[in-house]
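For reference, each letter of the sequence shown is one residue, going 0 to 134 in numbering that gives the first Met the number 0.
No wet-lab data here; the hints were simulated from the structure.
Treat the hints with care, as some may be off.
With a cut-off of at most 25 Å between alpha-carbon atoms, the simulated PhoX-like pairs for lysine-lysine come out as follows [what the hints assert, rightly or not]:
hint	residue 1	residue 2
1	Lys60	Lys95
2	Lys75	Lys100
3	Lys60	Lys100
4	Lys102	Lys75
5	Lys112	Lys92
6	Lys60	Lys75
7	Lys80	Lys95
8	Lys60	Lys80
9	Lys102	Lys80
10	Lys95	Lys112
11	Lys100	Lys80
12	Lys102	Lys60
13	Lys92	Lys60
14	Lys112	Lys80
15	Lys112	Lys75
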Amino acid sequence: MKTTVNPIIYRAGKQLRFAIAFLVMITAPHFASAASDLRPAKGTDTIMVQKQHTSRKHGVKLYPDANHQVLFFEVKGQYGKAYQLFIFDVEGKLVKQVSIKNKQSTILENIDKGDYSFEVFSDDERIENGQVIVR
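Let the sequences and hints guide you as you build the complete structure.
So, in structure tokens, the structure goes:
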């Protein structure tokens with residue numbers, strides 16, 4: 000797994016931050032559905048996530064589990080705050096909308112292979128966006 004984090008630059012006594020995209024890629028064998036049968040099936044599934052930080056204050060996390068085609072979303076923000084996660088296909092059609100409460104993981108399962116974009120909103124402010132690719 001490879002990730003790059005937001006660097007912090009100091010100039011003339013001021014702290015400047017800038018956003019940087021990072022990519023997470025996991026490839027793992029696809030297993031049969033029965034829990035007792037762990038023989039790998041043909042092919043592999045790959046989930047790639049490219050995320051653009053737009054707000055560090057909310058602490059949005061997005062991490063894949065390629066073994067089961069599952070994406071986990073988590074937001075660490077204000078207590079009791081609800082966030083909205085929107086997932087779109089390549090044509091811009093809304094595929095999934097999920098409400099995320101802070102410090103709670105939301106699991107998205109059975110993701111079809113394809114390219115998706117996502118956006119996370121706090122009230123009317125977009126705090127995170129990026130791409131998810133499932134192969």
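query: Holds or violated: are the alpha carbons of Lys112 and Lys80 at most 25 Å from each other?
result: 32 Å, violated
message: Against the 25 Å threshold, does the CA-CA distance of Lys92 and Lys60 hold or violate the hint?
response: Distance of about 23 Å is within 25 Å: holds.
query: CA of Lys60 to CA of Lys95, is that 25 Å or under?
result: 18 Å, holds
message: Checking one constraint from the list: CA of Lys60 to CA of Lys80, max 25 Å. Satisfied?
response: 16 Å, holds
Satisfaction of hint between Lys80 and Lys100, Cα-Cα up to 25 Å: 6 Å, holds
field: Restraint status (C-alpha distance of Lys102 to Lys60 at most 25 Å)
entry: 10 Å, holds
- prompt: Under the criterion that the straight-line Cα-Cα distance not exceed 25 Å, is the pair Lys112, Lys75 satisfied?
  reply: Violated, because 29 Å separates the two Cα atoms, which is more than 25 Å.
- request: Assess, step by step, whether the Cα of Lys60 is no farther than 25 Å from the Cα of Lys75, and give holds or violated.
  value: Measuring from Cα to Cα gives roughly 8 Å; hence the hint holds.
query: Between Lys75 and Lys100, is the straight-line Cα distance small enough, at 25 Å or below?
result: Holds: Lys75 and Lys100 sit about 9 Å apart, inside 25 Å.
task: Would you mind confirming whether the straight-line C-alpha gap from Lys102 to Lys75 stays at or under 25 Å?
output: With a Cα-Cα distance of about 5 Å, the restraint between Lys102 and Lys75 holds, given a limit of 25 Å.
message: Check the hint pairing Lys95 with Lys112 against an upper bound of 25 Å on the C-alpha distance.
response: 14 Å, holds
query: Between Lys60 and Lys100, does the CA-CA distance stay at or below 25 Å?
result: Holds, because 13 Å separates the two Cα atoms, which is no more than 25 Å.
Hint check: violations occur at hints 14, 15; the rest are consistent with the structure.
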